[in-house]
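Following the hints, position chain C against chain G.
As you go down the protein sequences, you meet chains G and C in turn.
Numbering of the first sequence is given in this note's numbering, commencing with residue 9 and proceeding in unit increments.
Numbering of the second sequence is given in this note's numbering, commencing with residue 9 and proceeding in unit increments.
In short, the hints are calculated from the structure, not lab data.
Careful: at least some of the hints might be erroneous.
Stated by the list, open to error - Listed next, the in silico DSS-like pairs over lysine-lysine satisfying Cα-Cα at most 30 Å (straight line):
hint, chain 1, residue 1, chain 2, residue 2
1, C, Lys186, G, Lys186
2, C, Lys280, G, Lys280
3, C, Lys280, C, Lys384
4, G, Lys149, G, Lys548
5, C, Lys497, C, Lys149
6, G, Lys350, G, Lys369
7, C, Lys511, C, Lys468
8, G, Lys150, G, Lys505
9, C, Lys150, C, Lys548
10, C, Lys280, G, Lys318
11, C, Lys548, C, Lys501
12, C, Lys548, G, Lys280
There are 2 protein chains.
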Amino acid sequence: MTRFSRASSNPSPETNPAPPRLKSDEGPAMRIIVPLQGVVQGRGGLVLGSLLPCALFYFLQLYLKSRNRPSQSPPSSPPTTLSTPDDHHASPSSPPSASGSTIHRTLSRGLLSPRSHPNVSSRAAAVARPDEDSLYYVGYKKCLRDPFHRVDNPEGIIQLGLAENRLSQDLILDWLEKNAYGALLGGDRPGELNIMGLTTYLPFDGSDNFKNAVAGFMGQVLQESVSFDPSQIVLTSGATPAMEILSFCLADPGNAFLVPSPYYPGWDRDIKWRTGVELVPVPCRSTDNFNISIPALERAYTQAKKRGLKIRAVLIANPTNPTGHVLSRDTLIDLLDFVTEKNIHLISDEVFAGSIHGESKFVSVAEVLESEGIDKTRVHIVYGLSKDLPLPGFRVGVIHSYNETVIAASAKLARFSSVSAPTQQLLTAMLSDKQFISNYLGANRQRMRRMFLLFVDALKQLGIECANSEAGFYCWADMSRYITSYSEKGEKKLWEKLLTVAKVNVTPGLSCHCIEPGWFRCCFTTLTEEDIPLVVERMKRVTQGPK
Amino acid sequence: MTRFSRASSNPSPETNPAPPRLKSDEGPAMRIIVPLQGVVQGRGGLVLGSLLPCALFYFLQLYLKSRNRPSQSPPSSPPTTLSTPDDHHASPSSPPSASGSTIHRTLSRGLLSPRSHPNVSSRAAAVARPDEDSLYYVGYKKCLRDPFHRVDNPEGIIQLGLAENRLSQDLILDWLEKNAYGALLGGDRPGELNIMGLTTYLPFDGSDNFKNAVAGFMGQVLQESVSFDPSQIVLTSGATPAMEILSFCLADPGNAFLVPSPYYPGWDRDIKWRTGVELVPVPCRSTDNFNISIPALERAYTQAKKRGLKIRAVLIANPTNPTGHVLSRDTLIDLLDFVTEKNIHLISDEVFAGSIHGESKFVSVAEVLESEGIDKTRVHIVYGLSKDLPLPGFRVGVIHSYNETVIAASAKLARFSSVSAPTQQLLTAMLSDKQFISNYLGANRQRMRRMFLLFVDALKQLGIECANSEAGFYCWADMSRYITSYSEKGEKKLWEKLLTVAKVNVTPGLSCHCIEPGWFRCCFTTLTEEDIPLVVERMKRVTQGPK
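Next comes chain G alone, as it looks inside the complex:
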């Protein structure tokens, strides 16, 4: 019927590593014009600038003529021919196509099926690739396949790589058992109205009731030191899409964020995969207890600018992850000064705001803004209910922004990441139960503190010291004395031994862009107290074994 397309002839660049290439359709043109422009733009003067292209074109003409000859000959095959399938996603068993043979239309299906497969997009091919490059995911997946269980799988891998809090789920279960049915189906107005609210379309960025409840909860977590306006909130299906949407809103493809490192390994995926935004790690150092350094930010900013990279924001986590610090008010003021001077944004990921086990009081950037009278339109907070409430399965994230355009765009983009109505109803009821929330936060804090102290003490038995930390579900452990070489390679090797010999999955500093080898993030909130001696036993297999 018609000639087959050449859609398949564009190989995806990611699957087949090659030197950076010009787009295929502008390739020849650019290969000629780039050197010529150099000549034209001043180097060589008028005469050379005219004679050189003249000579170049003469030879080019000869070359093209000889190269074009075959294709200029009359087509030997009739118009309806099979295109050559050059899709490298095709199964290796695909036979070469019978190029040149005509096919009758009714036969085409059977003939074509095994021969040519359509490309997926190059970006999908990149995302689909196995995550072998990130040990964070490799370990996580190995653990999923062989998870430790005291009774069912006592030799399984112990999960210290996942920031999930299982210390206080009994409290959540209690609440749900008492209140879930009423929250879902009871309500003030039973019957038709209630089911309508449950099943029909809701605002994609969250119902007003749910926004109010979340804003109230955020205030309660911060001990009412600041209040959040529900109209400045967009709710999403997890902090992950909240971060992605915010990145989409603050930066265009090719722009970048400065990120003090070590940082949460998920950001590389959550932010970079679809938005085209780059992350520039700004190293913090153990000698400084991994505190954020403004001069380092300054240097990174200047370097990025020199490279032609446009920095659109500084991205921080507060409390920090993996280092578990609570940022001081002074640090926040310094950061706000920095972003104000550069006229860029500040994104503060505060998902662990209510998970402080140390003595410090958490200070939200929102609180500093209130008191310091700083331009608010550059400050954006990401929050969620996966940490301070142990409900990662509920998938609730929060964008809180003082920037009207960001809120307007995010609210629209929330259509891709909405929280389901049953979940909104359950959580609206739970978050509005102030007494329950207060009890939960208090009890959980005490349990976290106890586990943290036990766990850090257990690591000390192994000669492993942790950085000072006061927040989060993890400690930041210095195992550099156990690495065979002070390098990325040494760290990788220790991580692998911990995973395969000790059967303990931890997150290597490498995955967090830590520039000092030998540091590991160990989550302790997935454990019970009885697990701790076992972790020590297991790790001794490595720390006491041959290096």
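Then chain C, alone, in the frame of chain G:
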């Protein structure tokens, strides 16, 4: 940045025919090289082929030299200066920045705050803009602000613009009242294990149980004419993100899909906003009962290719939306032939597969694939639980693909659009209740049929004929006799009168890229039977009033 702005300024060929344009970044190079290549490739011979470029370059050089002069002057401003706010979205009251003045650091906050605001990304600015350009959204929003209610707001706007089914929600409520608690908290293994499944991290693309239940439900909807493999399913928070993720996977920015029109107005937003994929409407006509035309697809494909636009897929809805057709097996085979010959993909949106009120049997593209032995890796189905089950608030969408790379990438991208665990648990129980589903589908079909007939009959009383349709929550009504001019303008005017005078919100064909003016999509499943005479009364205000 450029991608987004170009996307919005790139008119689809049918709506705004314009000469094909070169991409802005390759413009100057191509403008020079294209004529030169003509010379080089044989016309004019060796001498002319060398002298002509020579002359051209001489003048080009003169031109560029004079043009480059200003930018070659040294920068006059010191390195540490206030950046000029180039945000065109900043409030109009923002005074120009004190460009060139250096600022002391401690003073910066006070000085800077009122003067410069940070840019948001250009793509966010585009998304944040009011939806004034789409009457579909304008009408929807007006209706939200003033919704009709028989008792509370009898003069409110009647919503015929939203494809939501409220005819059978009582059946869902019954089921939930009996089963919700058990589904959420009972289960086979009560206590800790159950709460773990509810609150902890689950696979982002859906638990195995949920995938099994959805695959079973899809088979049941198709009366077991085909079975779906759960491993080829990715679950997302709504069909909207399912479509976006699939588009991301099948096309790179600047690629396009062919879409028979009129089509669902949401696609322009769901697909184009973030993926950078273009939609090329391929008009269907009333004389052909708006059937899909393969020759029209051929023409559109060829035209797109001439414009340098890479077509990666044909996107269809089956049953069609807004026209309510069930595509015949022959049409599906023709479409499969077309995409196979072009070596592109086929996306079939089958969200209304179980919402047939006519006599035809629905045939899924999956069924045709099974029987015809066609290469499956190019065929992808989008499904959801917002139509065939009336649960749009539950936000559940499905990507079903036979392409391993698409499934692998989609499963990872589902982290941005996950279904919450409570919703998964509720629905796993509901979808596994085969008897309930069977009862629901049967009863709902009868209720839909009755409402469709009543509604079409009511429109007939007004002299409005509907296109033949057998599926969906809407009819496709020809109101061209009531438009004052046979044009877009006439259609808009009638739509506005219906909204403001009759206070009835319908979707104009314009929003669906219908090229014939005067057609409107009217959803009847948001109504009760008693509402129908009222709709007739209301519409008479326009049809019997002065034109």
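Comparing the hints with the structure gives:
1. C:Lys186 with G:Lys186: Since the Cα atoms of Lys186 of chain C and Lys186 of chain G sit roughly 17 Å apart, the hinted pair holds (cutoff 30 Å).
2. C:Lys280 with G:Lys280: Holds. Lys280 of chain C to Lys280 of chain G sits at ~19 Å (cutoff 30 Å).
3. C:Lys280 with C:Lys384: holds (26 Å)
4. G:Lys149 with G:Lys548: Measuring from Cα to Cα gives roughly 23 Å; hence the hint holds.
5. C:Lys497 with C:Lys149: holds (21 Å)
6. G:Lys350 with G:Lys369: Status holds; Cα separation ~29 Å.
7. C:Lys511 with C:Lys468: Holds, at roughly 19 Å.
8. G:Lys150 with G:Lys505: holds (13 Å)
9. C:Lys150 with C:Lys548: At roughly 21 Å apart (the allowed maximum being 30 Å), Lys548 of chain C and Lys150 of chain C satisfy the hint.
10. C:Lys280 with G:Lys318: Holds. Lys280 of chain C to Lys318 of chain G sits at ~25 Å (cutoff 30 Å).
11. C:Lys548 with C:Lys501: Holds, at roughly 16 Å.
12. C:Lys548 with G:Lys280: violated (55 Å)
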